[in-house]
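Participant: Take a look at the letters that make up each chain.
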Amino acid sequence: RVTGLGLGPSSGNLVVVVVQLELVTVRDALNQAMDEELERDERVFLLGEEVAQYDGAYKVSRGLWKKYGDKRIIDTPISEMGFAGIAVGAAMAGLRPICEFMTFNFSMQAIDQVINSAAKTYYMSAGLQPVPIVFRGPNGASAGVAAQHSQCFAAWYSHCPGLKVLSPWSAEDAKGLLKSAIRDDNPVVVLENELMYGVAFELSDEAQSKDFVIPIGKAKIERPGNHVTLVAHSRMVGFCLDAAAVLAKEGVECEVINLRTIRPLDTDTIEASIMKTNHLISVEGGWPQFGVGAEICARIMEGPAFNYLDAPAIRVTGVDIPMPYAKILEDNSVPQIKDIIFSVKKTLNM
Amino acid sequence: LPSLITPLPHFLHTGATRVLMFQRTSTGSRVVVASRTYADFTPQATFDIKKCDLHKLEEGPPLQAVLTREEGLQYYRTMQVMRRMELKADQLYKQKIIRGFCHLYDGQEACAVGIESGINRTDHLITAYRAHGYTLTRGGTVREIMAELTGRRGGIAKGKGGSMHMYAKHFYGGNGIVGAQVPLGAGVALACKYQGKNELCVCLYGDGAANQGQIFETYNMAALWKLPCIFICENNKYGMGTSVERAAASTDYYKRGDFIPGLRVDGMDILCVREATKFAAEHCRSGKGPILMELQTYRYHGHSMSDPGISYRTREEIQEVRSKSDPISLLKDRMISNNMASVEELKEIDVEVRKEIEDAAQFATTDPEPPLEDLCNHIFSNEPPMEVRGTNPWAKLKSIS
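Chains as they are written, first to last, in my numbering: chain U, 1 to 350; chain F, 1001 to 1401.
FYI, nobody ran anything at the bench for these hints, they're computed from the structure.
Be careful, since some hints might not be right.
[To be verified] Straight-line alpha carbon distances no greater than 27 Å define the calculated DSS-like cross-link-like pairs of lysine-lysine that follow:
{"id": "1", "chain 1": "U", "residue 1": "276", "chain 2": "F", "residue 2": "1396"}
{"id": "2", "chain 1": "U", "residue 1": "220", "chain 2": "F", "residue 2": "1398"}
{"id": "3", "chain 1": "F", "residue 1": "1324", "chain 2": "F", "residue 2": "1347"}
{"id": "4", "chain 1": "F", "residue 1": "1169", "chain 2": "U", "residue 2": "71"}
{"id": "5", "chain 1": "U", "residue 1": "71", "chain 2": "F", "residue 2": "1226"}
{"id": "6", "chain 1": "U", "residue 1": "218", "chain 2": "F", "residue 2": "1398"}
{"id": "7", "chain 1": "F", "residue 1": "1088", "chain 2": "F", "residue 2": "1347"}
{"id": "8", "chain 1": "U", "residue 1": "120", "chain 2": "F", "residue 2": "1396"}
{"id": "9", "chain 1": "F", "residue 1": "1088", "chain 2": "F", "residue 2": "1355"}
{"id": "10", "chain 1": "F", "residue 1": "1197", "chain 2": "U", "residue 2": "66"}
{"id": "11", "chain 1": "F", "residue 1": "1396", "chain 2": "U", "residue 2": "220"}
{"id": "12", "chain 1": "F", "residue 1": "1226", "chain 2": "U", "residue 2": "67"}
{"id": "13", "chain 1": "U", "residue 1": "67", "chain 2": "F", "residue 2": "1197"}
{"id": "14", "chain 1": "F", "residue 1": "1255", "chain 2": "F", "residue 2": "1050"}
[Stated by the list, open to error] Here are a few chain F residues that sit away from chain U, every Cβ distance over 12 Å (derived from the structure):
{"id": "15", "residue": "1048"}
{"id": "16", "residue": "1063"}
{"id": "17", "residue": "1066"}
{"id": "18", "residue": "1088"}
{"id": "19", "residue": "1092"}
{"id": "20", "residue": "1198"}
{"id": "21", "residue": "1239"}
{"id": "22", "residue": "1244"}
{"id": "23", "residue": "1324"}
{"id": "24", "residue": "1341"}
{"id": "25", "residue": "1345"}
{"id": "26", "residue": "1398"}
Backbone N, C-alpha and C fix where the C-beta goes; we use that ideal spot for every residue, glycine too.
Please take these sequences and the hints and turn them into a complete structure.
Facilitator: Right, dumping it as structure tokens:
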């Protein structure tokens, strides 16, 4: 906990303002979210590999099995297609499962259950059969895990109607979005990030409340600015903020938008920002072709913000290759802060 | 007198006991030609049924089944409705009023009706795409099933789902991806166990699907967690155009659950199916975990309406099953030869059923298609109205829950 001191208003007296801020890692924020929702609604349960007795492969579910037991926290065999299907069936029959994929790379084994059994069912049944399920787990690049364990699935899942797709960055995002996802009566994919699990953020009083939820489908402006709009999700939001700090020293003020939700995309917030800054750069860790940035650019082209652009909208993305192993190669396979700075300067013709 | 009698009998049930059979003469008056009392009919009889092959079970279902007259008439009627409904669908498909996929169930009626008679209405059931029969037994009406096939707003899924995506209370479809319904069914069973309501889930798949990996993953988890799940393999000998011998290294589908006890059942005998289902349900409800049933059955139609069904099997084979093992005929013969119903009475039922199907088909062909306004609805549950992008950027369509 951090207690802060502040100077009071202009009366000249020193006023001590005590502000309670909690420093919470993304991991703990996710843990809190699940704990609170498990407590709140007995239909909620968690299943996945190592979620119970191992405390979670990445310790996200630490302590939950001890608190809630075998009925609510279920260790599964290594059977993604099977247990994802079981989770969807349980959702159809009235429970509210959280289905963890150890990483989203393994969700490919089960993707038929996510799309064909979960996402499409409410529509196919004309509203008779809702599927209130959350699929969560780490997504995208990690550190040194090579090609089969580093893919970003934001574009793949966001392509499909019937799904909501969330991508938290901060601890507040993680907690509020996961709680919203669990309370949502529809299939929600929550794309976490392994490299963010250990990063601590301030959690406001409001965010510490057991009823704190972040609305799905609304982006957040993390840093206002006038010269260029940077749109990102997940870990890249942090990179954009770092780039913005460097650029600020040169007099360039970036507006950094944290998408929070990939599907449905908050086009309104992006458009409003472009109408102010006249420049757009989307930043993502995933591959460029048919990616999140491609969709953002297409929407801007088709909407009112196009007329406000002073330069083509561009994308900063992961390199279009399978992820290599060697550190120097891996580091150069995802956007770095210098790539964002370079792209801003190019866009602004600096 | 015979020359005066026109050949259309009808029945008058007087009071509770007497059945009079009338015929109209050429002068228009009615003549009693036969008189039967209900006291004449046997109220119930016991039938020997085939012994089931067992896997990892000490004992199986009983070798005899009791059938009451009421039950018999009800099973007969339901199977006949199912049969005629499927044949009508065949007709409508050939007239191009039904489009896309249409997988017909005729020949397999004893499975659906037998299973339903062995479980409770509050139990759960899920199957694959050959689902019209189960939609009926689980509470769908013929009208709304047929209207779904013809894609009208009166369809059970408002025309949004079609043949493979029909749903009802405690019936989870109708699933198009082969084998995917099996994990789903185990999930429903998990919910049953979790919620402690002593309900179970019947989870059906075919001989073709039996080779899907996800089914083996499901066997493992269902057994591990003792889920109240009856896995049922409807073995109709062909997965699309591939016979069981060409698809499976082991065609003993009732043994494929390995550590899960199994039984092989004559799927053409409704009493056999019913007794086996009751046995299996008892096994699940007693907390022993999952059980597997293989129903040996047969489909008269090809895999779907696009498959004539004779390139991989002979007409003689189909004809042989029809004449020797038809489920409806088997029940009818049993009832007639045990004096549980009269030929005329069953014919009456046939006439009623035909009319019911005609009415339903009439509805299904005249009900309007869903309104275009419905296009984007039902994406999300419990959601405020939202906008959906149409085919071009200016097309902003409305979507409500």
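Participant: Checking a non-interface call: every C-beta of chain U should be farther than 12 Å from the C-beta of residue 1066(F). Is that right?
Facilitator: Correct as stated: the minimum Cβ-Cβ distance to chain U is 33 Å, above 12 Å.
Participant: Would you say residue 1088(F) is clear of chain U, with no C-beta pair closer than or equal to 12 Å?
Facilitator: Per Cβ check, residue 1088(F) is outside 12 Å of chain U; nearest 23 Å; holds.
Participant: Could you grab the alpha-carbon distance between residue 120(U) and residue 1396(F) and see if it respects the 27 Å cut-off?
Facilitator: holds, 21 Å
Participant: Could you let me know if the closest chain U CB is still more than 12 Å away from the CB of residue 1198(F)?
Facilitator: Holds, since 14 Å exceeds 12 Å.
Participant: Need the status of pair residue 1324(F), residue 1347(F): alpha-carbon distance at most 27 Å?
Facilitator: holds, 20 Å
Participant: Just checking, residue 1063(F) versus chain U, shortest CB gap more than 12 Å?
Facilitator: Residue 1063(F) clear of chain U: closest Cβ-Cβ about 35 Å, beyond 12 Å.
Participant: Please check whether the beta-carbon of residue 1244(F) is more than 12 Å away from every beta-carbon in chain U.
Facilitator: Nearest chain U Cβ is 24 Å from residue 1244(F), so the label holds.
Participant: Decide if the proposed pair is consistent with the structure: residue 1226(F) and residue 67(U), CA atoms, cutoff 27 Å inclusive.
Facilitator: Given that 27 Å is the threshold and the Cα spacing comes to 23 Å, the pair holds.
Participant: Between the alpha carbons of residue 220(U) and residue 1398(F), is the straight-line distance 27 Å or under?
Facilitator: holds, 25 Å
Participant: Can the restraint linking residue 218(U) and residue 1398(F) be considered satisfied, given a maximum Cα separation of 27 Å?
Facilitator: holds, 19 Å
Participant: Over 12 Å from every CB of chain U: does residue 1341(F) meet that, or does the non-interface label fail?
Facilitator: Answer for residue 1341(F): holds, closest chain U Cβ roughly 37 Å.
Participant: Has the given pair, residue 1197(F) with residue 66(U), been kept, meaning a C-alpha gap of at most 27 Å?
Facilitator: holds, 26 Å
Checked against the numbered hints given earlier, this structure breaks none of them.
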